[in-house]
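Engineer: Spelled out, the chains give:
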Amino acid sequence: DAGVIQSPRHEVTEMGQEVTLRCKPISGHNSLFWYRQTMMRGLELLIYFNNNVPIDDSGMPEDRFSAKMPNASFSTLKIQPSEPRDSAVYFCASTSYSMGGNEQFFGPGTRLTVL
Amino acid sequence: GQQVMQIPQYQHVQEGEDFTTYCNSSTTLSNIQWYKQRPGGHPVFLIQLVKSGEVKKQKRLTFQFGEAKKNSSLHITATQTTDVGTYFCAGSGYNKLIFGAGTRLAVHP
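Going down the list, the sequences are from chains A and B.
Residue numbers for the first sequence follow our numbering, beginning at 70 and rising by one.
Residue numbers for the second sequence follow our numbering, beginning at 130 and rising by one.
Same shape as in the complex, but just chain A (with noise of 0.2 Å):
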């Protein structure tokens, strides 16, 4: 199993450029996760999927930030304009959706610098 893939690993950008962030999840796992995480604020859900629809988007900070998840294997982040203070390292975690909670499996994550 590859685990969560995630890419770009590293992106550099300038302020009011787009940016995209990808994730595969763990094939087989229905529920996907956004994390973006700082020094100042943590680990922070940013929006979670269940069967590729969104369940909760109550994290994203603002309309610059969408996600989307157009099948079981693919899910996007998009950042339109970026801003220096969206610096951040921006995991994505896949898991089987139960009632009990299962544990979340995270990708390598994406450091992102807009500049």
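FYI, nobody ran anything at the bench for these hints, they're computed from the structure.
Computed from a predicted model, the values in this text were never measured in an experiment.
Don't take each hint at face value.
Partner residues aside, some chain B positions facing chain A, computed with beta carbon under 7 Å [to be verified]:
#, residue
1, His171
2, Pro172
3, Phe174
4, Lys225
5, Ala230
We treat Cβ as the ideally placed atom computed from N, Cα and C, and that holds for glycine.
We have chain A already, so just place chain B on it with the hints.
Structural biologist: Here is chain B on its own, set in the frame of chain A:
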């Protein structure tokens, strides 16, 4: 909203000393999970506790879930340099995890 508080924020120990991190939730949790993140890495699942008063051990690591299912602790006996990293607790609520801020552990040889 639901909050998960974790203390201490940082802990520096000499190799061989014990280490404990504590987690408290503002609400009763259905379960609690613990993750470890090595420097520069990603969170990795350690364990899940479900039952009130549950205690689980993994080698030198001991995990406890409080009777009221609102608090938890992770204790490491005789720390090693390989224990370095940030330990997160995560409370399960509404089908998502609420992560604590984490405790960063530094181990000096």
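Engineer: Against each hint, give a clear statement of whether it holds in the structure.
Structural biologist: Cross-check of the supplied hints:
no.: 1; hint: His171; in the structure: holds (4 Å)
no.: 2; hint: Pro172; in the structure: holds (5 Å)
no.: 3; hint: Phe174; in the structure: holds (4 Å)
no.: 4; hint: Lys225; in the structure: holds (6 Å)
no.: 5; hint: Ala230; in the structure: holds (5 Å)
Comparing the model with each earlier hint shows no violations; every hint is respected.
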